[in-house]
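One line per chain: the protein sequences are P and H, in this order.
Quick note: the first sequence uses the working numbering, first residue 1, plus one each step.
Quick note: the second sequence uses the working numbering, first residue 1, plus one each step.
If you are wondering where the hints come from, they were derived from the structure by calculation, not from laboratory data.
Keep in mind that the hints are not guaranteed to be accurate.
If chains are identical, the list can't say which one is meant, so a pair holds when it fits in one copy or spans any two.
[Unchecked claim] Derived pair list, reagent style EDC-like, types lysine to aspartate or glutamate, alpha-carbon separation capped at 16 Å:
1. 208 <-> 250
2. 208 <-> 240
3. 216 <-> 240
4. 205 <-> 250
Model, not experiment: these values are computed from the prediction.
Number of protein chains: 2
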Amino acid sequence: MSESNYTEGQVLFEEDNHKVIWLGWEKDEGSGAVQTNQYLIIHGSKGILLDPGGVHLFPRVVAVISRYIDLDNIETILFSHQDPDVSSGIALWLGITNAAIHISELWMRFVPHFGLVDFSRLSSIPDSGGTVSTSTGAALNMLPAHYLHSPGNFSFYDPVSGILFSSDIGGAVFPKDTHYLFVDDFKTHLPIIEGFHQRLMTSGKVCKDWVERMRKNRISMIAPQHGAIFKDKAVDEFLDWLSNLQCGSDILSNFT
Amino acid sequence: MSESNYTEGQVLFEEDNHKVIWLGWEKDEGSGAVQTNQYLIIHGSKGILLDPGGVHLFPRVVAVISRYIDLDNIETILFSHQDPDVSSGIALWLGITNAAIHISELWMRFVPHFGLVDFSRLSSIPDSGGTVSTSTGAALNMLPAHYLHSPGNFSFYDPVSGILFSSDIGGAVFPKDTHYLFVDDFKTHLPIIEGFHQRLMTSGKVCKDWVERMRKNRISMIAPQHGAIFKDKAVDEFLDWLSNLQCGSDILSNFT
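Excised from the complex, chain P in its bound form (with noise of 0.2 Å):
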């Protein structure tokens, strides 16, 4: 991937009036925050956004989205779950576009405390999930991915292209000055994954019927909100490999 990729995005998929866009990476790792994943989906001239993230990545998300869309045109923003690296810059979305947010309903009333929320702009997505749409026409899934870490927490599943947004799920953390947008090869991979999976995920039993879960629809990538994007074989690979994993609580001695 060339440098300017990096801080630029990049096109995941286009056909028709579809596109999913990956939207780059901060240049500088100074800060000290662990790198995250954005998405932005347009479908004909409207948006949804994934997981936008804090304070500090808002001037270069805000710059890349630029590129393909008219922040205005954003009618939605996900948020998977409550952590700082997803939902921080709740105020500053809100401000910047007309897009209604949707978290789980589990934590509409803990977004309050990141500081001054118009919660008529806040819609709570069900234990079960449901669909969010686009006045397009496309519809995204919202698919629970409870106590992966989050108790309240969603993947998100666009139909067109066959993306499986998965959260934290499928996360890496790159070690220092090392990226890849893509997993070339699962092994050579599979370390980075190994040791977030074990202490983030709360139980094998979840991370398997997740799995199952996610297995009933076509998969072209699984994008997460930290590391490398999972497609072709590695789909299945990472599947397979989450689908036996031992993790938190199994291993809860591990950690205290």
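Mind docking chain H on chain P? Use the hints.
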């Protein structure tokens, strides 16, 4: 409890040079934010502040603290976990105090997403916990409470007062316009803690493990981050109940 206590806080324990203070509640619930408790421990002239909360509580918490101690004498701020209602005021607290902030090593790279954070003032708590002391000689135990609900979560125990600051564990969500500081009758209190624990806590196994480890201490009160404080026989009644709870991944199909 008198109306003034709501906003002015209340001393929970006082003996010799050691004092534990509950820092009050918001008078105005209009923000829609979930109610939270903040606590302050003063030993001699120095203080430790626990889970001070987000932006919207900041003026009240600062005002109440200032009734008891000079802000410059707060040496340590403890964050039990990464949720916005605990930690989103981090930049404000770093600005107004000279304190070091302690948080799970798991969240060290997540909190910078709140905004500008000086890493030299952050201290990571290892998974196994440890002790944090004031320069005046008080030592607080940091006890692992992982997956309850956060994967990187701590309870804090003060051996002088016997108070266990339990983070979300023991939390209640009060119905609108109902508040009480102490649990008088556990059975009456149960309906407003039951759903909270079933949904937020990740499994009965993890709850039982936490209870067993906490019971190694002499507990005079359990002071959670939400809801009311358990004391007298309500302490054991709560621990017995929690030890046998089925929750989270035990009853996963309830939530998908």
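We went through each hint and held it up to the structure:
In this assembly of identical chains, the alpha carbons of residue 208 and residue 250 lie at most 16 Å apart whether taken from the same copy (13 Å) or from different copies (14 Å). Within a single copy, residue 208 and residue 240 get their C-alpha atoms as close as 9 Å, which meets the 16 Å cut-off; across copies the closest is 31 Å, which misses it. For the identical chains of this complex, residue 216 and residue 240 are intra-copy neighbours only, at 14 Å inside a copy versus 41 Å across copies, given an alpha-carbon limit of 16 Å. Taking identical chains as interchangeable, the C-alpha atoms of residue 205 and residue 250 lie at most 16 Å apart whether they share a chain (9 Å) or sit on different chains (9 Å).
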